[in-house]
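Visitor: Turn these sequences into a full structure, and let the hints guide you.
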Amino acid sequence: MIPQHASALLISDLHLTPSMPLTAQRFFDFCEKDASQAEAVFILGDLFEYWVGDDAASHSPFQHEVKQALANLSNKVKTYYIHGNRDFLLGSAFLKKTGMTLLADPSLVEIAGNKYLLAHGDALCTADIGYQIFRGWVRKPWLQKLFLALPITWRRSIANQLRMNSHANYARGAQSSYQQNQIKTDVTKEACAAILREHSGDKLIHGHTHRPSHHQESLGGQSWQRWVLSDWDLDHPEATAPRASALLINAQGVRTIDLIKS
1 MIPQHASALL ISDLHLTPSM PLTAQRFFDF CEKDASQAEA VFILGDLFEY
51 WVGDDAASHS PFQHEVKQAL ANLSNKVKTY YIHGNRDFLL GSAFLKKTGM
101 TLLADPSLVE IAGNKYLLAH GDALCTADIG YQIFRGWVRK PWLQKLFLAL
151 PITWRRSIAN QLRMNSHANY ARGAQSSYQQ NQIKTDVTKE ACAAILREHS
201 GDKLIHGHTH RPSHHQESLG GQSWQRWVLS DWDLDHPEAT APRASALLIN
251 AQGVRTIDLI KS
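Residue numbering for the sequence shown follows my numbering, beginning at 1 and increasing consecutively.
Just so you know, the hints here were simulated from the structure itself, not pulled from any lab data.
Just so you know, even glycine gets a beta-carbon here, dropped at the ideal spot from N, CA and C.
DEER-style ranges, computed between Cβ atoms:
#1 P242 - Q182: 14 to 24 Å
#2 L102 - P242: 27 to 37 Å
#3 P18 - S223: 37 to 47 Å
#4 K76 - Q132: 36 to 46 Å
#5 Q182 - H214: 17 to 27 Å
#6 N75 - T126: 32 to 42 Å
#7 N160 - E65: 17 to 27 Å
#8 T188 - P151: 34 to 44 Å
Below, simulated DMTMM-like cross-link-like pairs (lysine to aspartate or glutamate); rule was C-alpha separation at most 20 Å, straight line:
#9 K261 - D235
#10 K67 - E32
#11 K203 - E110
#12 K67 - D34
#13 K76 - E39
#14 K76 - E65
#15 K67 - D55
#16 K96 - E65
#17 K140 - D105
#18 K115 - D105
#19 K203 - D186
#20 K97 - E32
#21 K189 - D128
Guide: Next up, the structure:
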């Protein structure tokens, strides 16, 4: 039985961290005020900048505050979660405390009478072969079990190093070839077409790429619509325009809500 709701709000890629207090506060306000306009909320991954285990979260005042906001949200509306590439280790203990329901990536849902395939989006970036190999390894249960057995300080150190490597690789790619880097860090039509065929769908919603848009696409006689969710960042105006938005789906259709102006 797939989730069915008359209306829903969808968000992703908030990358919450104590070093981004304005973004975090906007999320707390979203949970308290904005979310009530829909019957359900779907969080499509990377709510956190990184996640090194539910036990580590229990030692963090910031993550405790986020946990409480999510628990309050789940008491008001049905709340779903899909793992992202930064927080795929978010586990059952945290989900239980927040009241969220974990969905597989991807998952088919029905909102306002229409079916949508929801995904984080990183698995669709198949032009980045190196990342897909890395993703395949870190999603192996036995490797995750080994990682979670390490001391929390070690895990945090490894996560920080991986983040720095990711930023460095992105910067090098951007310098070498803008066009190639854009292709490498975006989803491919082939991957989108394949998962939509697998789930008999023609509407896809994902995050991950930080390139919010609505696309009408086709490949080999197959046509579909694709919505890309925005990331959130209200803490770095010197580097990028502030952004925070959600996708609202209801009987009136699909539209983006600007959470900065609201």
